[in-house]
Amino acid sequence: MDMSIWKQKRIILAAIAIIAVLAATLTYRDVFQAISAFAPHTYQNILVLDAGHGGMDGGAVAEDGTMEQDINLAIVRKCEAFAGLFGLHTMLTREDGNSIDYDPEQSIRANKVADIHARVRITNSVRNPIFLSVHLNKFTDSSYSGAQVFWSKNNPEGQLLAQQIQSTLTRGLSPVRERQAKQAADSIYLMKTLTCPAVIVECGFLSNAEEARLLAQDDYQKRLALCIIDGCLQYAEQS
Numbered sequence: 000m001d002m003s004i005w006k007q008k009r010i011i012l013a014a015i016a017i018i019a020v021l022a023a024t025l026t027y028r029d030v031f032q033a034i035s036a037f038a039p040h041t042y043q044n045i046l047v048l049d050a051g052h053g054g055m056d057g058g059a060v061a062e063d064g065t066m067e068q069d070i071n072l073a074i075v076r077k078c079e080a081f082a083g084l085f086g087l088h089t090m091l092t093r094e095d096g097n098s099i100d101y102d103p104e105q106s107i108r109a110n111k112v113a114d115i116h117a118r119v120r121i122t123n124s125v126r127n128p129i130f131l132s133v134h135l136n137k138f139t140d141s142s143y144s145g146a147q148v149f150w151s152k153n154n155p156e157g158q159l160l161a162q163q164i165q166s167t168l169t170r171g172l173s174p175v176r177e178r179q180a181k182q183a184a185d186s187i188y189l190m191k192t193l194t195c196p197a198v199i200v201e202c203g204f205l206s207n208a209e210e211a212r213l214l215a216q217d218d219y220q221k222r223l224a225l226c227i228i229d230g231c232l233q234y235a236e237q238s
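First residue of the sequence shown: 0, per numbering that gives the first Met the number 0; consecutive thereafter.
Bear in mind the hints are in silico, worked out from the structure with no lab data behind them. Hints may contain errors.
[As the list claims (entries may be wrong)] In silico EDC-like pairs for lysine to aspartate or glutamate, Cα to Cα no more than 20 Å straight-line:
#  : residue 1 : residue 2
1  : K191      : E156
2  : K137      : E79
3  : K111      : D56
4  : K137      : E62
5  : K111      : E94
6  : K111      : D185
7  : K181      : E156
8  : K137      : D63
9  : K152      : E201
10 : K137      : E209
11 : K152      : D185
12 : K111      : D95
13 : K181      : E201
14 : K137      : D69
15 : K111      : D100
Small disclaimer: the values here were computed from a predicted structure and weren't measured.
Turn these sequences into a full structure, and let the hints guide you.
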């Protein structure tokens with residue numbers, strides 16, 4: 000198929016599919032399988048989707064007991080589905096609520112170290128990876144809100160990716176909360192270790208009651224995922 004024709008069809012198909020998914024008339028798996036079977040491979044990169052935390056490390060916790068690790072995975076699953084609509088291949092570092100490489104004979108600290116090392120290993124096992132880790136924020140001041148993207152300084156492409164995702168998040172989320180993409184701190188092991196384009200997307204604050212309520216909603220998670228994948232696709236098409 001001529002690639003210009005496919006690009007037009009892909010846009011139309013994806014738009015129809017996204018509307019169907021947002022209207023809850025189709026499941027993610029139905030849409031993902033239908034369009035993946037038709038779509039040619041148009042992107043060279045593999046998007047490694049990392050749902051932060053897992054297992055005994057639940058991450059941040061909202062006042063109502065909602066755990067970060069569960070929302071992270073829900074958003075990543077939706078990112079996986081939407082990426083597939085556009086022919087962008089993905090790999091997940093974790094696919095359920097467990098930590099990676101968990102060993103019940105080891106200490107909590109040892110399992111956390113094994114988990115974070117496994118995420119690096121999985122990312123480095125694929126060709127041309129783009130690493131994207133989904134997290135939620137929490138702060139002592141409950142007035143803080145909004146999604147923010149952080150990039151690894153190890154690869155200059157990471158900054159471009161972060162800025163694209165930050166832009167699509169700002170445009171696509173309601174209410175609008177203006178934030179700027181920033182370089183990740185050196186203390187974050189994944190950002191310090193990975194050499195591929197790598198970003199962390201902090202999707203919002205569980206410490207903000209209004210935003211915590213939104214983050215737990217399926218429709219808002221879909222919107223977040225669409226914004227994230229939109230930013231990834233814009234980056235991939237420019238790089």
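Here is what the structure says about each hint:
For a cut-off of 20 Å, the pair hint linking K191 to E156 stands: about 15 Å separates their Cα positions. Between the alpha carbons of K137 and E79 the distance comes to roughly 25 Å, so the proposed pair goes past 20 Å and is violated. Between the alpha carbons of K111 and D56 the distance comes to roughly 8 Å, so the proposed pair stays at or under 20 Å and holds. Between K137 and E62 the alpha-carbon distance is near 11 Å, which keeps this suggested pair within the 20 Å criterion.
Of the pairs offered as hints, the one joining K111 and E94 holds, with about 17 Å between alpha carbons and a cut-off of 20 Å not exceeded. Proposed proximity of K111 and D185 is supported: the alpha carbons are some 18 Å apart, at most 20 Å. Of the pairs offered as hints, the one joining K181 and E156 holds, with about 13 Å between alpha carbons and a cut-off of 20 Å not exceeded. With a CA separation close to 14 Å, the supplied pair K137 and D63 stays within the 20 Å bound.
Proposed proximity of K152 and E201 is supported: the alpha carbons are some 17 Å apart, at most 20 Å. Between K137 and E209, the direct Cα distance comes to roughly 13 Å. Compliance with the 20 Å bound is thereby established for this hinted pair. For the proposed pair K152 and D185, the alpha carbon gap of about 9 Å is at most 20 Å, so the pair holds. Taking the CA atoms of K111 and D95, the gap is near 16 Å; set against the 20 Å cutoff, the hint holds.
Restraint check: the Cα-Cα separation between K181 and E201 comes to about 11 Å, which is no more than 20 Å; the hinted pair holds. Using a Cα cut-off of 20 Å, the hinted pair K137 and D69 holds, with the two alpha carbons roughly 15 Å apart. Note on K111 and D100: the hinted pairing holds, with a Cα-Cα distance of about 9 Å set against a maximum of 20 Å.
Going through the hint list in order, the structure does not satisfy hint 2, though it satisfies all others.
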